Every structure is written in C-alpha cells, then in structure tokens.
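S.K.: Keeping their order, the protein sequence lines are chains A and B. Quick note on numbering: the first sequence equals residues 302 to 409 in the working numbering. Quick note on numbering: the second sequence equals residues 302 to 409 in the working numbering.
By construction, these hints were calculated from the structure, which means they are not laboratory data. Since the model is a prediction, treat every value here as computed from it, not as a measurement. Note that beta-carbon positions come from the ideal geometry of N, C-alpha and C, so glycine has one too. Some clues are possibly wrong.
[Claimed, not checked] These stretches of chain B come out as covered by chain A in the derived footprint (C-beta under 8 Å, 3 or more residues):
{"no.": "1", "segment": "337-351"}
{"no.": "2", "segment": "399-409"}
[Stated by the list, open to error] Away from chain A, derived, C-beta distances all over 10 Å, residues of chain B:
{"no.": "3", "residue": "Ala-304"}
{"no.": "4", "residue": "Ala-313"}
{"no.": "5", "residue": "Gly-326"}
{"no.": "6", "residue": "Glu-332"}
{"no.": "7", "residue": "His-378"}
{"no.": "8", "residue": "Leu-384"}
Number of protein chains: 2
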Amino acid sequence: MIARTPEPPYVAVIFSSRRTHGDQGYGAMSERMAELAAQHPGFLGVESARGEDGFGITVSYWKDEASARAWKQVGEHLKAQALGHSRWYEAFEARVATVTRAYGMERP
Amino acid sequence: MIARTPEPPYVAVIFSSRRTHGDQGYGAMSERMAELAAQHPGFLGVESARGEDGFGITVSYWKDEASARAWKQVGEHLKAQALGHSRWYEAFEARVATVTRAYGMERP
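Sequences are here, hints too, so could you generate the full structure?
M.R.: Encoded structure:
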C-alpha cells in the first residue's frame with residue numbers, strides 16, 4: 302500500500318479532506334477514480350488513508366506537473382470533483398508538490 | 302484538522318507507513334512528537350490519517366527545507382525515529398516535497 306515510486310524528482314498531489322456523513326455513492330466513485338487514474342499517462346502510484354473521524358489523506362504521484370494537470374481535466378474525473386464539492390466533502394485542500402528526496406524501509 | 306498553511310511555496314514531508322500490531326507506546330510518543338514539532342521553528346502544520354488496516358499518512362508542513370531537516374535532527378525526535386524503525390513500523394516511506402500550488406474549499 303506504500304506506492305513504489307521512482308527516484309525523485311516527481312510530483313505529489315496531496316489531497317486532504319473531511320467527509321460528509323454517509324456513503325452517498327462515494328465508495329464506488331472512489332474506487333472507479335483509482336482505476337481510471339492508474340491508466341492515465343504519467344501515473345506513478347497512489348496512497349490513501351482515512352480514519353474513523355472522517356478525515357483522510359490521499360496522495361497521488363505523477364511523473365510531472367503536466368500529467369497531474371491532465372488527470373484533473375479528465376471528463377469522468379471532473380464529474381467526480383463536482384460531486385466532491387456538492388456532496389462528499391465538508392472541506393478539502395489539494396496541494397501540488399515536487400518531491401525532491403525520499404527514503405524509507407520495509408521489514409524483510 | 303486540515304492544516305492552515307500559507308501561500309506556497311513551502312515544504313511538505315509526506316510520511317506513509319504501515320504500523321506493526323499493538324500500541325507498544327506508539328500513541329503517547331506520537332502525541333508528544335506532534336507537540337514538540339509544533340514548537341519547532343518553521344513548523345506550519347500537520348495532518349494525519351490512519352485507517353483500521355494500519356496504513357497511515359502524516360504530512361507535516363514547514364517553512365523551508367532547512368526547518369524540516371532541523372526537526373529531523375532534534376534529539377527526542379531521533380529517539381522516536383529509532384523506535385519507529387525497530388518497533389512501530391512494518392514499512393514506511395518519507396518524501397520531502399516543495400508545494401508549488403494549493404486550492405481548497407470549506408463549507409460555511
């Protein structure tokens with residue numbers, strides 16, 4: 302579930318959000334968007350966590366700023382964004398960032 | 302719980318992790334680190350989410366790369382990092398990134 306990203310630099314879109322109550326079609330759309338994004342040129346990976354309090358962070362990783370921007374403009378994704386605004390999120394913040402270094406570990 | 306960050310540019314440290322089972326002192330240390338970080342020069346905010354599956358993302362925001370690096374070297378934080386390695390995390394990845402643009406919404 303930790304994305305296997307290449308050596309930096311690459312782009313991260315950090316999407317932090319507070320969900321409204323109830324599913325209201327969110328779960329299905331969320332899965333569909335993950336599927337669609339994974340097929341988009343420049344997609345490197347995605348990570349997502351949401352606690353029981355409804356606060357969640359999704360980070361998607363992209364080859365460059367252009368591929369991240371292009372994904373934001375995909376028709377089906379635009380529809381999902383509109384529903385996010387009107388129905389699924391109490392609040393959100395999206396931050397586009399360039400990853401400059403990375404390190405980690407994984408137990409054998 | 303969405304951090305109130307200033308206009309970009311600023312630095313984001315994206316810390317993605319898979320926890321081991323059981324608390325093992327993690328909760329208390331995690332709270333203490335949030336407290337300590339908040340007092341550190343250059344700290345702008347922090348966001349954190351962890352699902353029931355043990356996968357979590359914490360993003361801390363910093364004025365610049367230098368303040369993020371300095372926080373990594375704080376004695377008590379180094380001790381926590383060592384325990385993270387040996388005890389609390391199955392796997393983690395830390396990514397240091399420069400936020401270049403941001404947008405969001407909050408319901409009134």
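S.K.: May I ask which of the numbered hints given earlier this structure violates, with the numbers listed in increasing order?
M.R.: Hints 3, 4 are the ones this structure does not satisfy, whereas the remaining hints hold.
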